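Chains as they are written, first to last, in my numbering: chain P, 1074 to 1386; chain U, 1074 to 1386; chain W, 41 to 318; chain R, 41 to 318.
Just so you know, not all the hints are guaranteed correct.
Here are the computed lysine-lysine pairs in the DSS-like style, where the Cα-Cα straight-line distance is at most 25 Å [stated by the list, open to error]: (1) P:Lys-1381 to R:Lys-191; (2) P:Lys-1258 to W:Lys-112; (3) P:Lys-1214 to U:Lys-1118; (4) W:Lys-112 to U:Lys-1258; (5) W:Lys-112 to W:Lys-132.
Simulated from the structure, these hints should not be mistaken for laboratory data.
Here the structure is a predicted model, which means the values were calculated and not measured.
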Amino acid sequence: MLDFEKDLSVLDQRIDELKQLSEQGEADFSAEIENLAAKQRQIAKRVYADLTPWQTVQVARHPQRPVLRDWIGLLFSDFIELHGDRCFGDDAAIIGGFATLENRRLMLIGHQKGKNVDENMERNFGMARPEGYRKALRLMKLAEKFSLPVVCFIDTPGAYPGMDAEARGQAEAIANNILEMSTLKTPILVLVTGEGGSGGALGIGVGDTILMMQHAIYSVISPEGCASILWRDGNRASDAAAALKLTAASLMELRLVDEIVPEPPGGAHRNDEATAASIRTVLLEHLKRLTRIPVSKLITRRFDKYAKIGQPL
Amino acid sequence: MLDFEKDLSVLDQRIDELKQLSEQGEADFSAEIENLAAKQRQIAKRVYADLTPWQTVQVARHPQRPVLRDWIGLLFSDFIELHGDRCFGDDAAIIGGFATLENRRLMLIGHQKGKNVDENMERNFGMARPEGYRKALRLMKLAEKFSLPVVCFIDTPGAYPGMDAEARGQAEAIANNILEMSTLKTPILVLVTGEGGSGGALGIGVGDTILMMQHAIYSVISPEGCASILWRDGNRASDAAAALKLTAASLMELRLVDEIVPEPPGGAHRNDEATAASIRTVLLEHLKRLTRIPVSKLITRRFDKYAKIGQPL
Amino acid sequence: MGWFSKKKKASPDPTKSKDVFVQCSRCHAHIFLEEWKEQVKVCPRCNFHDRLSARERLDLLIDAGSFHELGKDIRPGDPLLFADARGSYAEKAEAARAKTGMNEAVLAGHGRLNKLHTAIAIMDFRFLGGSLGGSTGEKILMTTEYAAGHKLPCIIVSASGGARMHEGMVSLMQMAKTCAGVARLRQRNLPLISVMTDPTTGGVSASYAMVGDFHLAEPGALIGFAGRRVIEQTIKQKLPDDFQTAEYLQEHGFIDCIVQRTELKSLLHSLLVYCGCS
Amino acid sequence: MGWFSKKKKASPDPTKSKDVFVQCSRCHAHIFLEEWKEQVKVCPRCNFHDRLSARERLDLLIDAGSFHELGKDIRPGDPLLFADARGSYAEKAEAARAKTGMNEAVLAGHGRLNKLHTAIAIMDFRFLGGSLGGSTGEKILMTTEYAAGHKLPCIIVSASGGARMHEGMVSLMQMAKTCAGVARLRQRNLPLISVMTDPTTGGVSASYAMVGDFHLAEPGALIGFAGRRVIEQTIKQKLPDDFQTAEYLQEHGFIDCIVQRTELKSLLHSLLVYCGCS
Ligand SMILES: [Zn+2]
Ligand SMILES: [Zn+2]
């Protein structure tokens, strides 16, 4: 539980108690419950309207925040996972496969974090190795071949900084994906759902439209890493978080993100279904739009989009 | 030294002795030397005109038979080795790079055996792993991109039957090469120089024209392997060698090979320069011919060539 | 190659049984014949997927009455006039024909899979170990060419010990011939779904079985290039039990989905739909 | 990123030396200044390849008088108005300009290499550790676009600690921007030769440096994605000495040739000729 969630949490407990009492038939507390819930929404709204960048980082990394598997269950009516890079392995930190979103068929690819220790060990905390990026590329090429749009869900602390990952070409795998995505002949829609961690995020993050959840972050380096290098003090992460402009709102201002997907007060983890509904709406809208654009035009636009970034004024 | 080489070897020794004596100024033995050499040529011619299939296997595997590095030195005026599969490793059992044959630039790829224990350890006896086949494919794609013909030199007992090779997809790597070579948009010229060992050979062996050295072999399975399965006796390898029709002459009859490159009497290892000269002539002739054919026609022909093999009469 | 050197699994043979049970050859459980049939020869206790004949597989996958066979009369050639210590290849091929009622190790054709029109080739391990000879390759190529010509998807169900050494280099070249056929599907953006069943090894694993857009495999199926014994001799150590199983291959990145036999048809249908087939 | 956290190698600085020797910073041998220059800053004893400035590299590779610079006046932007404990990014960029006489960490343009016309971009590690900012990416893209537009080959010599974190996500996106430029070379079948020099790490190794048709590297150059310290913290063990060297990368399949500096120009020329450049 995060610091600024304490009040919400206390109310959670109270509401739960009253609900239990109600269920035990002690008395009818529905009015009180509704009252407390309203109060909670109010607090959530206030607290979350005004998160600092560092608090946003904490929400984006919240251990209860829905992970890809949750979103798949909430959003898609069908998912056929396709495994393997056809070369070395099947990385559990990136998964992908065919999925259907309200009758729209697409190729879904994303980082998979865990929500407990075992899951996180299995998923390597969502930190992919080269075989993860190569699997992702294989699936993108399948999507291109069969004219399906690609949807990427980004949620990773970064590419795995391990010896084996370096030995098998982490740099090459990410570079090659970035390059191939820039000319993939099918629409690519990217949604940063939680952490957008540097090159590990970008390795499946080049697209026609970049969306960000309201409380997601996207950064060239972790605030802690930046603080330890530039402030020589890892504890100055909140300063670094502010300086790095890693929130959705800042990135909209910098025109690096195309649209923000709103989250309910309290964040996605307090109401995953409402969040899923707002994701669904935004995804469908952009899928409709992108699939109408002729592919050759799409590729030119994609190039122009990236060519503009960082151009001297 | 092979059984049927004994007479040749005895004469080798005699000639060497006489040469030494000549050099020491004892007397002039040049007439005797020429005499013995002529006799030796005669014997070589007789013995090598009439090799059994099993003897041919032994010549093809002869420890003194030139290996790829030898051929490179003998044939090409330039060779720039290009390393790595861009994915896992750099297999020393298959090497490749740009080479120049009398002003014709090409991509050379081939199995590399060793000629002594150390070299054979380094080269894994010319038995490639998946990364070798993937490196080969990468180089072929480069050749295609820059419109250079591909020349493949085949000399392998087979793909490496190791646990690591299986784990990294020996089957997939060979299959994918075979497929990609069938539609590679540049001429492919294949020369079996020594052992053509099954799928490990075919993994870099699909082409427009298949050439074989006179004493090379090409087989779906090693004679020993075939004997132990079908004769239940590995020592019946000579029977299996005969039944498998693995010599250049037999494969010409079966129309699986397009031309035989003649070797001097005694085989390539007794006169590598003369052998190189005859390889050069044949390669140049076919390179000239193949590079004149429009690529689309080449690909159609290549398909038809393989589609015909094994068609019911 | 080498299918006869493999110890044959004792497959339940209900025709020889007097009662209504079959015995699973892996866990030795006794299973009601009815249930065994319903589960399409999958053991309800240990999930052992017993081998199917090409015909049985066809009945499992293709809508009844919709199959049109290709190359029905194609029989093995004998380009080498091969004979070994135990007789001639011609005799062996004749015996395989008599045993299976098939003319070759593959059943080729096209039909409907939940109404979707598809080309399909199904191998039969009983015919000379599902080995890849000239005519086997010919029928695989007929299938891919039919798909390419009619803009159909293509499904290949493999079950093979590898190349057919009695045909020597003609057999090896079928790897190139069949892959050339697959390349033509790729050029036309037509999907190839490779279904690997027990066993898919040697020259078949190193050709058409491993170049699909999708690689499906049955649980526990043996899939690999080199034989276990050869590898053990080479590396001079014993291999782990799960080596070259479908599960091992998936872990190493070469299989998209391991699929329960009873769900195979429905998965194939879904994949075809995602690929835009109609 | 993180170039300043790296212990700087004490590069020989003959201007500060009173005599005619320089000292190799790896083996500490004293080398005649003349020989040092002739060997283009390579130690004749231990083969240490000391870093070159972009200008020195240009003189090594491009025929005298043939170079035309692109984007000479482009300077770093400051999209985040970034400042940290030790001052503002704007000040740091200004200091880098003063120190190097360059406006950015890359020198871009086109010229002749043994008479062959080529586009070329050369990074300079002295300028903010060769970090990849918006204007750095812009100049790389100008180079690839010039090559694409004029049907020229392209050579990129990298020397970089990675992304320039003072520009935040603008910096990260330069990986995509530059690779999009490389993709356009691929579409036109124009060769990209990537030359990796010490160091080529982080965002530069994970973008244009690793997507060349040919990957050349100088002996001993540090090449990798994640930093050694980060990896050691992650896996909780010490890394081998040769980890992330050019030699290590070649062994693992990512480098075509490791090339002696004095032979670099001639190798580049040969490769261009094989690619059909004239
Ligand atoms: Zn059982
Ligand atoms: Zn030194």
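Going down the list of hints, with the structure as the test:
Under the criterion of a C-alpha separation no larger than 25 Å, the hint pairing P:Lys-1381 with R:Lys-191 is consistent with the structure, at around 23 Å. A C-alpha spacing of about 41 Å is found between P:Lys-1258 and W:Lys-112, which places the hinted pair above 25 Å, so the restraint is violated. At most 25 Å may separate the alpha-carbon atoms for a hinted pair to count; P:Lys-1214 and U:Lys-1118 exceed this at roughly 57 Å. Between W:Lys-112 and U:Lys-1258 the alpha-carbon distance is near 35 Å, which puts this suggested pair outside the 25 Å criterion.
Note on W:Lys-112 and W:Lys-132: the hinted pairing holds, with a Cα-Cα distance of about 19 Å set against a maximum of 25 Å.
Hint compliance for this structure: hints 2, 3 and 4 are not met, and every other hint is.
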